[in-house]
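Trainee: Given next are the chains, with one letter for each unit.
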Amino acid sequence: MYDTTRTESAVSQQDIKISARNVQVYYGDKHALKDVNVDIQDKTVTAFIGPSGCGKSTFLRCINRMNDTIDIASVKGEIRLDGEDIYDRRVDPVQLRAKVGMVFQKPNPFPKSIYDNVAYGPRIHGLSRNKAELDEIVEKSLRGAALWNEVKDRLAEPGTGLSGGQQQRLCIARAVATAPEVLLMDEPCSALDPIATGQVEELIDQLREQFSVVIVTHSMQQAARVSQKTAFFHLGNLVEYGATDDIFTKPQDSRTEAYISGRIG
Amino acid sequence: MTDMPLPQTGRAGARTKGSLLQADSRTRRRNAAEKRFRAYGVTAIAIAILALVFLLTTIIRDGASAFRQTYLSIPVTLDAEILDPQGNRDVAEMSRVLTLGYGRVLDAALDRSIGSLELNIPGLSEGDVDGIVSREASAQLRQRVLNDPELVGQTVELNVLVNGRIDGYFKGRVTMASAERDSNVSPQQLLLADALAERGLLVTRFNREFITNPDASDQRPEAAGIGVAIIGSVYMMLVVLFLAVPIGVAASIYLEEFAPKNRITDIIEVNISNLAAVPSIVFGILGLAVFINFAGLPQSAPIVGGLVLTLMTLPTIIIATRAALKAVPPSIRDAALGVGASKMQSVFHHVLPLAMPGILTGTIIGLAQALGETAPLLLIGMVAFVREYPGGPPEGLFDPASALPVQVYNWTQRSDPAFVERASGAIIVLLIFLLCMNLLAVYLRRRFERRW
Numbered sequence: 001m002y003d004t005t006r007t008e009s010a011v012s013q014q015d016i017k018i019s020a021r022n023v024q025v026y027y028g029d030k031h032a033l034k035d036v037n038v039d040i041q042d043k044t045v046t047a048f049i050g051p052s053g054c055g056k057s058t059f060l061r062c063i064n065r066m067n068d069t070i071d072i073a074s075v076k077g078e079i080r081l082d083g084e085d086i087y088d089r090r091v092d093p094v095q096l097r098a099k100v101g102m103v104f105q106k107p108n109p110f111p112k113s114i115y116d117n118v119a120y121g122p123r124i125h126g127l128s129r130n131k132a133e134l135d136e137i138v139e140k141s142l143r144g145a146a147l148w149n150e151v152k153d154r155l156a157e158p159g160t161g162l163s164g165g166q167q168q169r170l171c172i173a174r175a176v177a178t179a180p181e182v183l184l185m186d187e188p189c190s191a192l193d194p195i196a197t198g199q200v201e202e203l204i205d206q207l208r209e210q211f212s213v214v215i216v217t218h219s220m221q222q223a224a225r226v227s228q229k230t231a232f233f234h235l236g237n238l239v240e241y242g243a244t245d246d247i248f249t250k251p252q253d254s255r256t257e258a259y260i261s262g263r264i265g
Numbered sequence: 266m267t268d269m270p271l272p273q274t275g276r277a278g279a280r281t282k283g284s285l286l287q288a289d290s291r292t293r294r295r296n297a298a299e300k301r302f303r304a305y306g307v308t309a310i311a312i313a314i315l316a317l318v319f320l321l322t323t324i325i326r327d328g329a330s331a332f333r334q335t336y337l338s339i340p341v342t343l344d345a346e347i348l349d350p351q352g353n354r355d356v357a358e359m360s361r362v363l364t365l366g367y368g369r370v371l372d373a374a375l376d377r378s379i380g381s382l383e384l385n386i387p388g389l390s391e392g393d394v395d396g397i398v399s400r401e402a403s404a405q406l407r408q409r410v411l412n413d414p415e416l417v418g419q420t421v422e423l424n425v426l427v428n429g430r431i432d433g434y435f436k437g438r439v440t441m442a443s444a445e446r447d448s449n450v451s452p453q454q455l456l457l458a459d460a461l462a463e464r465g466l467l468v469t470r471f472n473r474e475f476i477t478n479p480d481a482s483d484q485r486p487e488a489a490g491i492g493v494a495i496i497g498s499v500y501m502m503l504v505v506l507f508l509a510v511p512i513g514v515a516a517s518i519y520l521e522e523f524a525p526k527n528r529i530t531d532i533i534e535v536n537i538s539n540l541a542a543v544p545s546i547v548f549g550i551l552g553l554a555v556f557i558n559f560a561g562l563p564q565s566a567p568i569v570g571g572l573v574l575t576l577m578t579l580p581t582i583i584i585a586t587r588a589a590l591k592a593v594p595p596s597i598r599d600a601a602l603g604v605g606a607s608k609m610q611s612v613f614h615h616v617l618p619l620a621m622p623g624i625l626t627g628t629i630i631g632l633a634q635a636l637g638e639t640a641p642l643l644l645i646g647m648v649a650f651v652r653e654y655p656g657g658p659p660e661g662l663f664d665p666a667s668a669l670p671v672q673v674y675n676w677t678q679r680s681d682p683a684f685v686e687r688a689s690g691a692i693i694v695l696l697i698f699l700l701c702m703n704l705l706a707v708y709l710r711r712r713f714e715r716r717w
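Residue numbers (the working numbering), protein chains in the order written: chain H, 1 to 265; chain E, 266 to 717.
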């Protein structure tokens with residue numbers, strides 16, 4: 001596609017974190033994702049937008065192989081993380097997911113204490129040698145998720161007792177605690193009120209300093225606010241990918257323009 | 266589009282304007298239907314409660330008396346000439362004297378002490394006097410003397426069981442009128458019993474022996490107890506607990522979380538559901554063929570009963586465990602996988618703790634079902650008359666034993682009405698066990714229940 005090659009040349013100076021080539025996803029007989037080619041940069045927020053069922057979440061779940069858990073899903077093509085094919089037979093998806101963290105649409109903290117929620121990842125990956133180090137990781141992650149000041153006095157309380165926005169930030173802290181290189185977010189604000197959304201968006205911008213963030217969103221305003229790059233998906237195709245400003249101000253494809261202006265969706 | 270106004274076409278869809286203060290006929294019909302439905306529900310629950318109350322009162326009315334028993338206290342002179350003819354107090358020698366000899370000692374003691382009371386009951390024969398104590402009494406006396414040979418030659422105060430009919434007289438089962446027609450008891454014996462009770466020699470008190478004694482033969486219901494049956498049932502529950510729970514839970518976790526969903530697992534799933542519906546007696550036949558005839562395990566043994574009940578309980582446990590695992594929200598699994606937990610870590614750290622209350626409840630209900638099961642045990646020989654206590658576990662698992670529900674079944678077959686009381690008493694004990702297990706299930710569910 002012409003558009004894609006143009007953007008590729010534009011970003012070639014920067015580090016490319018994830019590069020996808022000819023990715024096809026099938027759910028049984030349904031061809032859910034058709035021929036997706038995209039390069040996602042490091043230390044950038046990339047937004048995936050598009051109408052429901054267009055394949056943006058499907059593609060997101062391909063990046064950390066969460067589609068493996070769905071029996072009928074099959075993925076073809078190649079996705080490279082730092083040049084390594086993540087669908088190679090030798091790749092253990094568990095190891096991959098430690099590198100590529102994920103935050104889900106609905107806040108889903110474990111029914112454990114706030115501390116244990118954040119400490120779970122570092123514990124199973126052996127990131128700390130002792131309790132003090134673990135405490136430090138937990139504090140750093142909670143600070144990173146802008147939640148520390150609200151919960152520092154009640155780390156032993158259950159994570160499920162927090163408000164929706166706090167729960168989602170707790171999930172972000174949990175994802176950050178495993179020291180990932182890429183953070184995937186699947187509509188992280190769809191269950192949150194505008195104030196909580198604002199806090200999470202602010203947080204996403206800060207997280208960009210440390211790693212590459214990929215966010216799926218239904219809200220075009222959100223995509224415009226938080227992302228530097230935007231990809232528009234429609235009916236399983238990646239229609240257009242480019243700098244966020246370009247996509248929203250001068251879309252190349254008529255479908256992108258129609259979606260942005262609210263005529264399809 | 267629902268929000269678009271429909272064009273008005275004739276009278277269809279138009280509503281007649283009526284007052285809100287008056288229910289229209291449609292609303293009235295709907296309200297009436299709801300009221301009827303509520304009435305059905307209340308009736309159904311009322312019938313269920315009535316049936317339960319009737320059942321419980323019947324059982325308690327019939328069975329409560331099994332926990333009380335009449336005893337006669339008399340001084341018995343243990344005649345050394347009869348009990349220890351060699352005169353050396355050697356237990357091996359003394360055990361040659363059978364219960365018959367002790368019966369003679371007991372009869373003599375009865376005749377003497379009752380004769381000394383000078384009761385003057387017309388028509389009371391010597392046989393009547395000897396017949397008021399249980400046939401079990403001489404066996405009890407023999408056991409006591411063999412345990413402590415030094416008693417021979419002394420006069421000891423004995424508390425002996427009285428005959429089941431006399432016991433029944435104090436519990437209202439036997440009356441003067443029924444004794445007239447009964448060849449096993451005479452009205453004179455009842456008069457004698459009254460006289461003895463007046464003097465405080467005949468007392469009805471709590472019957473600890475009912476819980477601890479083994480079964481007794483048809484002629485001596487007063488001595489029958491559920492000791493062996495309780496031990497047998499407990500042993501079987503242990504076998505079920507140690508086999509069915511780990512196998513069932515492991516199988517469900519594998520099927521639910523790890524197994525690929527394909528034709529083979531579909532077939533397995535359907536078959537597990539089918540197994541849960543197989544009549545329990547079929548499992549008994551299977552147990553007889555496999556464990557006794559093929560594997561050569563002993564008959565009437567709790568190990569075989571436990572194995573059969575394990576097979577029977579497995580589907581229940583698997584179905585309950587899978588339902589509990591299914592009820593854990595998938596978002597928890599996603600969350601665990603998302604932070605890089607392996608499949609097994611996500612199951613054991615997150616899914617299993619959340620499914621625990623459901624698994625425990627299902628398991629305990631499965632165990633309770635197994636505890637009350639009778640039919641398969643009949644086929645593997647647990648219906649046999651067992652008077653010997655099985656040994657301690659694990660060897661005791663291979664000794665013959667009975668089981669509570671089988672004991673109930675067994676007693677209801679016997680002709681003496683005193684066994685009705687015993688059977689109902691055993692049912693009460695069984696129900697108490699089941700109640701305790703269900704309370705435990707409720708407690709564990711509360712204890713482990715967590716919100717997510």
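For the record, the hints were derived by calculation from the structure and aren't laboratory data. Keep in mind it's a predicted model, so treat the numbers as computed, not measured. Mixed in with the good hints, there may be bad ones.
[Claimed, not checked] Pulled a few chain H residues facing chain E out of the computed Cβ check, cut under 10 Å:
no., residue
1, MET66
2, THR69
3, VAL91
4, PRO93
5, GLY101
6, SER128
7, ASN130
8, GLU181
9, GLN210
10, PHE211
Note that beta-carbon positions come from the ideal geometry of N, C-alpha and C, so glycine has one too.
Trainee: The structure should be examined with respect to each hint, and the outcome stated for every one.
Mentor: For each hint, the structure was consulted:
no. : hint   : result
1   : MET66  : holds (7 Å)
2   : THR69  : holds (6 Å)
3   : VAL91  : violated (13 Å)
4   : PRO93  : holds (8 Å)
5   : GLY101 : holds (7 Å)
6   : SER128 : violated (15 Å)
7   : ASN130 : violated (21 Å)
8   : GLU181 : violated (12 Å)
9   : GLN210 : violated (17 Å)
10  : PHE211 : violated (15 Å)
Hint violations for this structure: numbers 3, 6, 7, 8, 9 and 10, all remaining hints satisfied.
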